[in-house]
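Given next are the chains, with one letter for each unit.
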Amino acid sequence: MSEHTTTGMVTVTIDDVTASVPKGTLVIEAARQLGVMIPHFCYHPKLAPDANCRMCLVEIEKMPRLQTSCSTQVTEGMVVRSSVPTVKQARKSVLDFILANHPLDCPVCDQGGRCDLQDFSHEYTASGTKFVELKRVFQKEYFSPVIETQMNRCVQCLRCVRYCDEVMDVRALAPAGRGTLTKIKSFGVHELDCEFCGGCVQICPVGAITSRLSMYEFRPWMLKRTESTCGYCGDGCQMTFQAKDNDLIEVNSTLGVGRNNGDLCSRGYFGYHANVHEDRLQSPMIRCDGELVEVPWEEALAVVAEKLTAIKSANGADAIGGLIASRCTNEDLYLFQKFMRVVIGTNQLDSSARYGHMNGIHALQRVQGTHRWSMSFDDLLSANAILTVGTNLTETNPITALKVKEAVKRRGAELITVEALEPAIGTISNIALLSTHHLPLAPDQFASGTIGLLKAVIQENLVDAELVAHAKDYIDAIKKQVDAISWTDIEARTGLTAEIFQDSAKVFTRAERAVILVGQGVLRSQGGYGMTLNLMDLLVLTGKLNRIGCGLAPLAEENNDQGSVEMGAVSELLPGGKDCRSREAQQSLEAAWGCSLPSGEEGTLMDMLGKAKRGILKAMIIVGENPIGSLPPDSGIEDAIGKLEFLVCQELFLTDTAKRADVIFPACSYAEKDGTFTSTEGHTQAVRKAIEPLGESRPDWEILSALSVMMDHPLEYESVKAIGKEMRDLMPGTRTLGPSPLPPRPCLDTLTQYLQEGYQDTLATRYCLPGMKATHTFVLNVGQSIFHSGKFSTRAKGLIQIQSQGVLSMHPEDAERLGLACGDGVCLENQLGQVKTTVKLSDRIPCGVLFFPEHFDQDIQRLFAVSVDNDTHVPYFKCAHVEVSKAS
Amino acid sequence: MIFDKLKDEVNELLSRYPVKRSALLPLLYIAQREEGYVSEPAMKEIAKLLSLTPSQVYETVTFYSMYNLKPIGKFHVQVCRSLMCALVGSDNIVEWIQKNLNISSGQTTADRTFTLSVVECLGSCGTGPMMQVNDDYYERLTEEKVGQIFDDLKQKGSSSLKSGPFMFPQPTKS
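Taken in sequence, the protein lines are chains A and B.
Every letter in the first sequence is one number past the one before it in my numbering, and letter 361, counting from 1, is 361.
Counting the second sequence from 1 gives a position; my numbering is that position plus 1000.
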């Protein structure tokens, strides 16, 4: 026995190289680690071994016959030979069988040049196959608008089918038939309807499944690769842009790279065309006699500099406000807030993180004193229990959803889902099906669900013993609140009994490592800040807040929501997430910048709109954000923007807001500039320029820098790297190189302060059940579709082919009750108005709930009232109560 | 909804297996028994019953030659063409049927009475040539015998020439 057996390592010899590898390693993986490449088709590190292709046969001493190295685990002293004549002969025979049917249409195959079959054929066979039979020929079948299948090329390794099942949990692909006549299909004659993650395209070792978006447009060696970060959601997937002649051809991801580890979602894989859409603004425009006309950069910049200077001297710096989209890079965000604070001299600035992400940040800061998660993305995989609240995870953060799926399916984590979701099997995956405890709620009742869990923790004596010893007042105060709420009231709102809350609370408390994922359903809904604080209370009470691998994770909807917070692009925070009223923070920033900070009051998005309506705010600089498109009419946004004396927009497209601008600067997309994005967990990752900026468009930071020069307060940087350096000097946590930074630990002083008295403020308002809807009404919920992100993605032709319009989803039972069928027109009505739309049946959403994707129709927003959070100033407009009738 | 009226049978079936998915083949068999073939609505219904996606049910149906994805005739004639039957003349039987019913393998007669399939071994090698019509075996076939069977089926709906699969060793008559 070797000494290794006790340490979990075994010694293995592969092709005369001896090394130690962990016990349980597959021979094929051990070989890879030793630099021996064993050819394979069906094996993939993400998938369970299937050993169906027989390509990876090796000779193993003391074993009869050749063995498949993809399904054999190494054992102590194993001697493997992968390049002896018998093995080579076996591989040649396997290839002979595959080539007996493979069409060898490499010259017209998009995989040509990066095809495993091509490579192995070159290595093992002289030419062709020795079989003389006719090759199998499948009739060409239409598969889907974005994915092409060419079944004649298929080697039947079934990686696509297994990926769709094991990793994505979608199970949309079926190997129909048997033997050589097996082909990859969806259901019967129907075209594919699934999540369209593109995983099957990426995992196919040959050209059997390819993307239709780039079909016949390239050969792999023509493409210029650029490693970058996805710009859709906060998951921060690493991906590779493939460009040719300054056009984006396709996007790939690589196994082992980034948190996504080779996985992407439909937005990431099929959504890249939004960057290069033909409607992109390509030259600056100014308004002349009511019309927008194209002008040279110098002229547009001069007009803006002059006008802003004039407004500032006439009305003061606080008459100018700034708003930026969280889709911009950190460098853009950093320079934007510096421009507003230094060049303009105002604290009237905000970013789209205000729409919800700020609730999570404020809750984290108040309880644990951090503005980042106190856990990492990888902690999701090692969690024993995961609680998701209002996340709509698959749609909003698809890669986080993959981690949750992996944690549950592969590692046996217990999953508690508090979601507006029914466990129905559909065309996209459903985490409720994986959950051990599922608490389906209407989207306006997540607060009730949260309180139910807290009540169960208190009632079942699940409170951490250590906490009982030193924070009795805190526990008593919460106990008093939850005692005042009866299970009957909770059940009336949630339809759930005390037992399921008690069981869920026990599972959560029992877990060594427990994670709470908080999504848009909480962060953007009425009372979102209070709900997030209550969930923090849940962590505190169960003694998990300060435990390694535990924590609360607010999920960002936009790619750089977290970055805009950390860069200080929100009015109440300075770079590094520091409180802008803290004298200490101000002083250190003043020293770094060499100038004084503005002393005026902060102005968040809704404050600025209010001031604009009252005529106090005269001008706005809006960078990449479209508040007219995002906010419902009830917010008075049109009035506010209309009253502005001067509006400058930096935009990719002529959005509803940009149409009102006096000057528009054409900005370039993230595929055309360098910079960084910060993912939802706080990891800063590089964004790299894949193509040259279209037309005369420029990066946002360059435009702001040019303006600052013309306004006699130059913020000059020779390149984006110089901004990055200044950022990193100020905030060491934003470096992109080296290992990812460890998550911050909760600040114990802040926690102690919270437990002593910090909790008292707003305690009564947040431990309060939301009102109930009238029985005949529905809860209308707007949210994200899996195929789109904001309105940007609706410019991506691939995504539009998958989903081109928004329709109202309704549970079949509700539809039956109202006499509605799929495709019928319906009329939604409440005190704010009446809207007509089309209905689609979906058993994924609970009865009494309606869902509408937020990407398309503005009209439905008329039904939403806006309320603003007292503490965080987040505007809430996610749910409305409506009556539904059949449209005549 | 074909399973609505078969609730008891379905529940009994589901109760047999620790894993729901195991009931897939018997449910498909019931669907085929009820409609003559496995229809798309039936596959969707089964998917729902067993918490599978329709694709998963579909792939299973396509794997087994015993399930029909298209409507077939009243009598499904499956003639064995594997080695043992071929040695004793199954090709003549197939030819005779094709000529007399005027259909080729995989087709259904115009009056939707007969569907002909040529299949692999049905495990009755000692008594070839043989065929299976719906659930019944017909063995030691000759052209005259097949003609007689088809006449019986057309007129009476069943034929006395049918035999069970022979046990091995054949049960001794008492």
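Honestly, the hints are just simulated from the structure, not real lab data.
Even glycine gets a Cβ: it sits at the ideal position worked out from N, Cα and C.
Just to be clear, a hint being listed does not mean it is correct.
To give an idea of the chain A side of the interface with chain B (calculated C-beta under 10 Å), a few residues [to be verified]:
1) V94
2) F97
3) L99
4) A100
5) D165
6) V189
7) H190
8) P423
9) G576
10) C580
11) R583
12) Q587
Simulated restraints on C-beta separations [as the list claims (entries may be wrong)]:
13) B:I1002 to A:L134: 35 to 45 Å
14) B:R1021 to A:C822: 55 to 65 Å
15) A:D119 to B:R1033: 22 to 32 Å
16) B:L1025 to A:Q805: 52 to 62 Å
17) B:S1082 to A:V108: 38 to 48 Å
18) B:L1025 to A:P107: 15 to 25 Å
19) B:E1035 to A:L134: 41 to 51 Å
DSSO-like mimics (lysine-lysine), calculated; alpha carbons at most 27 Å apart, straight line [said to hold, decoys possible]:
20) B:K1044 to A:K140
21) A:K409 to B:K1007
22) B:K1020 to B:K1005
23) B:K1048 to A:K409
24) B:K1005 to A:K409
25) B:K1154 to A:K183
26) B:K1044 to B:K1007
Here is how each hint holds up against the structure:
1. The interface hint given for V94 (chain A) is violated, since its Cβ lies 23 Å from the closest Cβ of chain B, which is over the 10 Å cut-off.
2. Residue-level restraint check for F97 (chain A) is violated (minimum Cβ-Cβ distance to chain B is 20 Å; threshold 10 Å).
3. The restraint placing L99 (chain A) at the interface with chain B is violated, with a minimum CB-CB distance near 25 Å, outside the 10 Å limit.
4. Contact between A100 (chain A) and chain B, as hinted, is not supported at the beta carbon level, the nearest pair being about 21 Å apart and thus beyond 10 Å.
5. Taking 10 Å as the C-beta cut-off, the interface hint given for D165 (chain A) holds, the closest approach to chain B being about 8 Å.
6. At a threshold of 10 Å, the smallest CB-CB gap from V189 (chain A) to chain B is about 9 Å, leaving the interface hint in force.
7. Below 10 Å, beta-carbon pairs count as interface contacts, and H190 (chain A) has one with chain B at about 8 Å; its hint therefore holds.
8. For P423 (chain A), the interface hint holds, since its Cβ comes within 10 Å of a Cβ in chain B; the closest pair sits about 9 Å apart.
9. Because the smallest distance between the Cβ of G576 (chain A) and any Cβ of chain B comes to about 48 Å, over 10 Å, the interface hint for this residue is violated.
10. Residue-level restraint check for C580 (chain A) is violated (minimum Cβ-Cβ distance to chain B is 52 Å; threshold 10 Å).
11. Of the supplied interface hints, the one on R583 (chain A) is violated, with its beta-carbon coming no nearer than about 60 Å to a beta-carbon of chain B, more than 10 Å.
12. This hint is violated: Q587 (chain A) has a C-beta 61 Å from the nearest C-beta of chain B, more than the 10 Å allowed.
13. Judged by the Cβ atoms, the range 35 to 45 Å given for I1002 (chain B) and L134 (chain A) holds: they are separated by roughly 41 Å.
14. At roughly 28 Å, the beta-carbon separation of R1021 (chain B) and C822 (chain A) lies outside the given 55 to 65 Å, and the hint is violated.
15. Distance hint check for D119 (chain A) and R1033 (chain B): the Cβ-Cβ separation is about 50 Å, which falls outside the suggested range of 22 to 32 Å.
16. Taken as a hint, the range 52 to 62 Å is violated for the pair L1025 (chain B) and Q805 (chain A), whose Cβ atoms sit roughly 41 Å apart.
17. A hinted range of 38 to 48 Å for the beta carbons of S1082 (chain B) and V108 (chain A) is consistent with their spacing of about 40 Å.
18. Taken as a hint, the range 15 to 25 Å is violated for the pair L1025 (chain B) and P107 (chain A), whose Cβ atoms sit roughly 44 Å apart.
19. A beta carbon spacing of about 36 Å between E1035 (chain B) and L134 (chain A) contradicts the range 41 to 51 Å that was offered as a hint.
20. With a C-alpha separation of about 25 Å, the suggested pair K1044 (chain B) and K140 (chain A) falls inside the 27 Å cut-off, and the hint holds.
21. Proposed proximity of K409 (chain A) and K1007 (chain B) is contradicted: the alpha carbons are some 32 Å apart, above 27 Å.
22. Taking the CA atoms of K1020 (chain B) and K1005 (chain B), the gap is about 20 Å. The hint holds against a cut of 27 Å.
23. Our distance criterion of 27 Å between C-alpha atoms is met by K1048 (chain B) and K409 (chain A), whose separation comes to about 21 Å.
24. Restraint check for K1005 (chain B) and K409 (chain A): not satisfied, since their Cα atoms lie roughly 36 Å apart, outside the 27 Å limit.
25. Simply put, K1154 (chain B) and K183 (chain A) have alpha-carbon atoms about 38 Å apart, too far for the 27 Å limit, and the pair is violated.
26. Taking the CA atoms of K1044 (chain B) and K1007 (chain B), the gap is about 16 Å. The hint holds against a cut of 27 Å.
Checked against the numbered hints above, the structure breaks hints 1, 2, 3, 4, 9, 10, 11, 12, 14, 15, 16, 18, 19, 21, 24 and 25 and satisfies the rest.
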